[in-house]
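Q: Going line by line, the protein sequences match chains A and B. So that you can map any letter, position 346 of the first sequence is 346 in my numbering, and since no number is skipped, the others follow by simple counting. So that you can map any letter, position 231 of the second sequence is 231 in my numbering, and since no number is skipped, the others follow by simple counting.
Hints are not guaranteed to be accurate.
Given that identical chains are not distinguished, each listed pair holds provided it fits within a single copy or across any two copies.
[As the list claims (entries may be wrong)] The calculated lysine-lysine pairs, modelled on DSSO-like cross-linking and capped at a C-alpha distance of 30 Å, are: (1) Lys63 with Lys269; (2) Lys238 with Lys137; (3) Lys269 with Lys182; (4) Lys132 with Lys182; (5) Lys269 with Lys137; (6) Lys219 with Lys182; (7) Lys137 with Lys219; (8) Lys269 with Lys238; (9) Lys187 with Lys63; (10) Lys132 with Lys37; (11) Lys37 with Lys269; (12) Lys63 with Lys137; (13) Lys182 with Lys336; (14) Lys37 with Lys105; (15) Lys63 with Lys132; (16) Lys63 with Lys37.
None of these hints come from the bench; they were simulated from the model.
Protein chains: 2
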Amino acid sequence: MEEIASRAPSIRDVAQAAGVSTATVSRTLTTPDVVSKSTREAVFAAIEATGYRVNLAARNLRKRETGAIAVLVPNLANPFFSRILAGIAEVMMEAELNVLIADTKPTAGGEHSFPEYVRQNHVDGIIVLDGKLRHEKLLDRGSPDIRAPMVFACEWIASIGRPVVTVDNQEASVRAVQHLLKLGHRKIGHICGPQENVLSSSRLEGALGAMQSVGLRMKPDWIYPGDFSLQSGAEAAKQWVRSDDRPTAVFAACDEMALGFMGELMRRKVRVPRDVSVVGFDDLEMAAHFVPALTTVHQPRATMGRAAARMLLERMRMRPEDRVAGPAPRIILPVKLAERESTAPPPG
Amino acid sequence: MEEIASRAPSIRDVAQAAGVSTATVSRTLTTPDVVSKSTREAVFAAIEATGYRVNLAARNLRKRETGAIAVLVPNLANPFFSRILAGIAEVMMEAELNVLIADTKPTAGGEHSFPEYVRQNHVDGIIVLDGKLRHEKLLDRGSPDIRAPMVFACEWIASIGRPVVTVDNQEASVRAVQHLLKLGHRKIGHICGPQENVLSSSRLEGALGAMQSVGLRMKPDWIYPGDFSLQSGAEAAKQWVRSDDRPTAVFAACDEMALGFMGELMRRKVRVPRDVSVVGFDDLEMAAHFVPALTTVHQPRATMGRAAARMLLERMRMRPEDRVAGPAPRIILPVKLAERESTAPPPG
DNA sequence: ATCCTGCATGTAATCGATTACAAGATAGAA
DNA sequence: TTCTATCTTGTAATCGATTACATGCAGGAT
Numbered sequence: 001m002e003e004i005a006s007r008a009p010s011i012r013d014v015a016q017a018a019g020v021s022t023a024t025v026s027r028t029l030t031t032p033d034v035v036s037k038s039t040r041e042a043v044f045a046a047i048e049a050t051g052y053r054v055n056l057a058a059r060n061l062r063k064r065e066t067g068a069i070a071v072l073v074p075n076l077a078n079p080f081f082s083r084i085l086a087g088i089a090e091v092m093m094e095a096e097l098n099v100l101i102a103d104t105k106p107t108a109g110g111e112h113s114f115p116e117y118v119r120q121n122h123v124d125g126i127i128v129l130d131g132k133l134r135h136e137k138l139l140d141r142g143s144p145d146i147r148a149p150m151v152f153a154c155e156w157i158a159s160i161g162r163p164v165v166t167v168d169n170q171e172a173s174v175r176a177v178q179h180l181l182k183l184g185h186r187k188i189g190h191i192c193g194p195q196e197n198v199l200s201s202s203r204l205e206g207a208l209g210a211m212q213s214v215g216l217r218m219k220p221d222w223i224y225p226g227d228f229s230l231q232s233g234a235e236a237a238k239q240w241v242r243s244d245d246r247p248t249a250v251f252a253a254c255d256e257m258a259l260g261f262m263g264e265l266m267r268r269k270v271r272v273p274r275d276v277s278v279v280g281f282d283d284l285e286m287a288a289h290f291v292p293a294l295t296t297v298h299q300p301r302a303t304m305g306r307a308a309a310r311m312l313l314e315r316m317r318m319r320p321e322d323r324v325a326g327p328a329p330r331i332i333l334p335v336k337l338a339e340r341e342s343t344a345p346p347p348g
Numbered sequence: 001m002e003e004i005a006s007r008a009p010s011i012r013d014v015a016q017a018a019g020v021s022t023a024t025v026s027r028t029l030t031t032p033d034v035v036s037k038s039t040r041e042a043v044f045a046a047i048e049a050t051g052y053r054v055n056l057a058a059r060n061l062r063k064r065e066t067g068a069i070a071v072l073v074p075n076l077a078n079p080f081f082s083r084i085l086a087g088i089a090e091v092m093m094e095a096e097l098n099v100l101i102a103d104t105k106p107t108a109g110g111e112h113s114f115p116e117y118v119r120q121n122h123v124d125g126i127i128v129l130d131g132k133l134r135h136e137k138l139l140d141r142g143s144p145d146i147r148a149p150m151v152f153a154c155e156w157i158a159s160i161g162r163p164v165v166t167v168d169n170q171e172a173s174v175r176a177v178q179h180l181l182k183l184g185h186r187k188i189g190h191i192c193g194p195q196e197n198v199l200s201s202s203r204l205e206g207a208l209g210a211m212q213s214v215g216l217r218m219k220p221d222w223i224y225p226g227d228f229s230l231q232s233g234a235e236a237a238k239q240w241v242r243s244d245d246r247p248t249a250v251f252a253a254c255d256e257m258a259l260g261f262m263g264e265l266m267r268r269k270v271r272v273p274r275d276v277s278v279v280g281f282d283d284l285e286m287a288a289h290f291v292p293a294l295t296t297v298h299q300p301r302a303t304m305g306r307a308a309a310r311m312l313l314e315r316m317r318m319r320p321e322d323r324v325a326g327p328a329p330r331i332i333l334p335v336k337l338a339e340r341e342s343t344a345p346p347p348g
């Protein structure tokens, strides 16, 4: 017996059905304690009867809010980000904010795509997981005081002073390399992340630093280029195989590359960890299921997402002028090394 | 020299700056051809000068639209969905619609979460990738004619007559099993997807049917329960190892389970494909990089996402009364079997 | 000169919810 | 009884953009 309505019921329909004014209906919804019990019940009954749903566009227009936050992800296809997103979504759902997810992966044109709703301030806040976006794009969003607050997570852009939630990439890399050193490796290589990425450089620096502090150097040949993809890990493996003077252990800047590296090696009958040890970074689900299971730096991905979300909520509650005052906060989450089967003492 | 404004510039500010009415500004933005060249230029200059951005809440309120569509994903952490999302995002960005992504994975409470913005008709359309949602939730969104159109992709709910974009899961499974039969396998097992899932049942049926059509049966012991996770694939492997009468080939309902299965087997010194052949379903990136590379049914994921998005756009343009008339369209995309290293003739 | 046509623009109503302010009702105090 | 305090409710302005309708003007036809 569903009634056919030409348009969705509005607050006026509810008001009429309950025999009150629209103001009372609105108050019943937003501040129930200021209306009398009897009217409250009448209004709720009318809402039930009419099937009324608040029109968010109208509410947002009036309240000068949008009720949504945006998350900019460098590459949705990379499983690394999904857990972080889940953490963000969890917190934001509780705060009754919608989450818009945008993949900023460069399109055919080569330019990083950038949704209009971010540029046009159509969100109340922004979480950026992409450290490669162009500065202007992120900052060209009107004058600072009407700009939606922004926080970085995982990656960040050093020249933009905004809060960051991340792990100590350098320290984590030091620990990964120290693990290899402790096993007796002296010839250690590194598969890098994409250039001009803060993660790539700090992980490389950490690795180099750990070597240096025990008086070792990393041969330039052992520093393989990469872009965080399985494919680039496989490329590094081909390069490793071709070489005369091979590292006995390789630390990859992410698990995907580590897995791609191991896969290609094993396909060429190189055994891990007997012939070469491999350490990754991230601890994807797959890392523990691969054979051999990958020794890797565990990142608390869901925790990072939740922390970034909470940080953003806090910034959204601040007055705009307070946001720019003082240094941007920085949350560094702890990491641990998950020691599994892909590392062992060097051969010979 | 950025000017400090207490609020974002509105269309009135632009109108004032350009010396025209708000109507003219609006027309310049939406139908530039009806305003004269000179005013058009003046308005654009004023927009530039004021840093004006359309207020979407106001526009949507007036136009009775929301400018967004929602995608309901069963589990964002599963890499299978990311490519589909990328396909959807690509088409929707072109159509200037925002994409809201919601993970419907059951929360601690056990109930599938369901964002308010879907329930409350705060989107112009919905793409559902989750076939396990409760019917009422999807349909309890007001009377049919004011309801946002909905299409299913990949998974669907048989009792809800809405357009579907998918592959022929049954046929694909038949082909996967035929491949094993052709190699000489007679004892073939299957790792199932979660119960009460259309994909699980049609893939199982396809497998059983292929066996049956050559006069073979699948022993109940060879039908392993699963839930599309790596872990459940590993569990199946433990079961396989324990058994006396083992299948010589196993067809898994998804790649994650196939990889989890192979990983656990190899960890127990069972060799793939020498001791047992494995076929997956989906063709994740990882499938080709695993060792051995996984033979699997390739799903055109990005294509599926794009097709679903275009289908939804089409439905959004239809008049509501036309949407309910006639049967819901159904797009079946072709699949192909990617034959790789995880399958070989049975041992002995 | 007069009228008509068509283009460019302005006026003002509208979308649906929120909220400052006013006003009415009720109860208790003096 | 009268006045005040408190609680509840209604009136109407407002948020910012869109658009139906009205108006004004230029140029051509008669």
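Q: Hints first: check each against the structure and report whether it holds.
A: Structure-based check of all given hints:
1. Proximity of Lys63 and Lys269 under a CA criterion of 30 Å is satisfied in neither setting, with 64 Å inside one chain copy and 64 Å between copies.
2. In the homo-oligomer, the alpha carbons of Lys238 and Lys137 never lie at most 30 Å apart, since the shortest distance is 38 Å inside one protomer and 52 Å across protomers.
3. For a Cα distance limit of 30 Å, the shortest separation of Lys269 from Lys182 qualifies both inside one copy, at 26 Å, and across copies, at 28 Å.
4. Within a single copy, Lys132 and Lys182 get their C-alpha atoms no closer than 35 Å, and across copies no closer than 49 Å, so neither meets the 30 Å cut-off.
5. In this homomeric assembly, Lys269 and Lys137 never come within 30 Å of each other (Cα to Cα): the closest approach is 47 Å inside a single copy and 53 Å across copies.
6. Taking the shortest alpha-carbon separations for Lys219 and Lys182, only the intra-copy value of 19 Å comes in at or below 30 Å, while the best inter-copy value is 50 Å.
7. In the homo-oligomer, the alpha carbons of Lys137 and Lys219 never lie at most 30 Å apart, since the shortest distance is 38 Å inside one protomer and 60 Å across protomers.
8. Proximity of Lys269 and Lys238 under a CA criterion of 30 Å is satisfied in both settings, with 12 Å inside one chain copy and 27 Å between copies.
9. When the C-alpha separation of Lys187 and Lys63 is checked against a cutoff of 30 Å, the pair qualifies neither within a copy, at 61 Å, nor between copies, at 65 Å.
10. Taking the shortest Cα distances, Lys132 and Lys37 never come within 30 Å of each other, neither inside one copy (55 Å) nor across copies (39 Å).
11. Proximity of Lys37 and Lys269 under a CA criterion of 30 Å is satisfied in neither setting, with 77 Å inside one chain copy and 70 Å between copies.
12. When the C-alpha separation of Lys63 and Lys137 is checked against a cutoff of 30 Å, the pair qualifies both within a copy, at 27 Å, and between copies, at 29 Å.
13. Taking CA atoms no more than 30 Å apart as the test, Lys182 paired with Lys336 passes inside one copy only; the shortest distance there is 16 Å, against 48 Å between copies.
14. Taking the closest pair of Cα atoms, Lys37 and Lys105 never come within 30 Å of each other, the shortest separation being 53 Å inside a single copy and 37 Å across copies.
15. With identical chains, the CA atoms of Lys63 and Lys132 are never at most 30 Å apart, being 34 Å at best within one copy and 36 Å at best between copies.
16. Taking the shortest Cα distances, Lys63 and Lys37 sit within 30 Å of each other inside one copy (26 Å), while across copies they are farther apart (36 Å).
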